[in-house]
Structures are given as C-alpha cells and as structure tokens.
Amino acid sequence: MTREKGTDTLVINVNVEIPATALQAIVANAKKIAGRDQKGIYRVDTADKVSQVISKFLLETDFETYAKDIQHCM
4 MTREKGTDTL VINVNVEIPA TALQAIVANA KKIAGRDQKG IYRVDTADKV
54 SQVISKFLLE TDFETYAKDI QHCM
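In the working numbering, the protein residues as written are 4 to 77.
Don't take every hint at face value.
Derived pair list, reagent style EDC-like, types lysine to aspartate or glutamate, alpha-carbon separation capped at 20 Å [as the list claims (entries may be wrong)]: (1) Lys59 x Asp11; (2) Lys52 x Asp40; (3) Lys59 x Asp48; (4) Lys34 x Asp51; (5) Lys59 x Glu20; (6) Lys52 x Glu63; (7) Lys71 x Asp11.
Worth flagging that the hints you see were computed from the coordinates, not collected in a lab.
Go ahead and model the full structure; you've got the sequences and the hints to work with.
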C-alpha cells in the first residue's frame with residue numbers, strides 16, 4: 004500500500020460491517036500467504052490482515068473524497 008508524501012493517516016479502531024464471505028476470503032488468502040509452520044499451524048494475525056485489506060481498499064478508492072461529500076454522512 005502506498006501513500007502520497009505528506010498525507011497524514013491515523014489508525015482508528017471501529018466496527019465495520021462486511022459480508023461473511025469477504026472475511027472468509029481474507030482469512031483464506033492470509034493463510035495461503037503465510038503458509039503452515041513446522042507443526043502445521045498457520046501463524047497469521049487475521050485481524051491485522053483485515054485491517055490491511057480495508058485500509059488498502061479505502062486508499063485505492065479515494066475514501067477521503069467520498070467522506071468529504073456531506074450526502075455520504077447523512
């Protein structure tokens with residue numbers, strides 16, 4: 004994920020409603036990327052991966068412009 008120079012971002016904790024299938028896909032992909040360790044266990048922080056995916060989506064879809072439109076806050 005890349006950010007423009009000089010762009011300030013914040014990490015916030017919120018509750019976000021997403022489809023269960025989206026969460027399942029993120030977890031499955033995270034497991035594929037991480038792979039199993041020597042004991043056959045996946046060592047991946049899925050909550051962190053969900054945060055990364057949502058943050059990347061918001062950055063790539065210009066969430067800032069969307070948020071500035073008062074119609075989206077009603």
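Verification of the supplied hints:
no.	hint	verdict
1	Lys59 x Asp11	holds (15 Å)
2	Lys52 x Asp40	holds (18 Å)
3	Lys59 x Asp48	holds (17 Å)
4	Lys34 x Asp51	holds (13 Å)
5	Lys59 x Glu20	holds (17 Å)
6	Lys52 x Glu63	holds (16 Å)
7	Lys71 x Asp11	holds (16 Å)
In the structure shown, no violation is registered for any of the earlier numbered hints.
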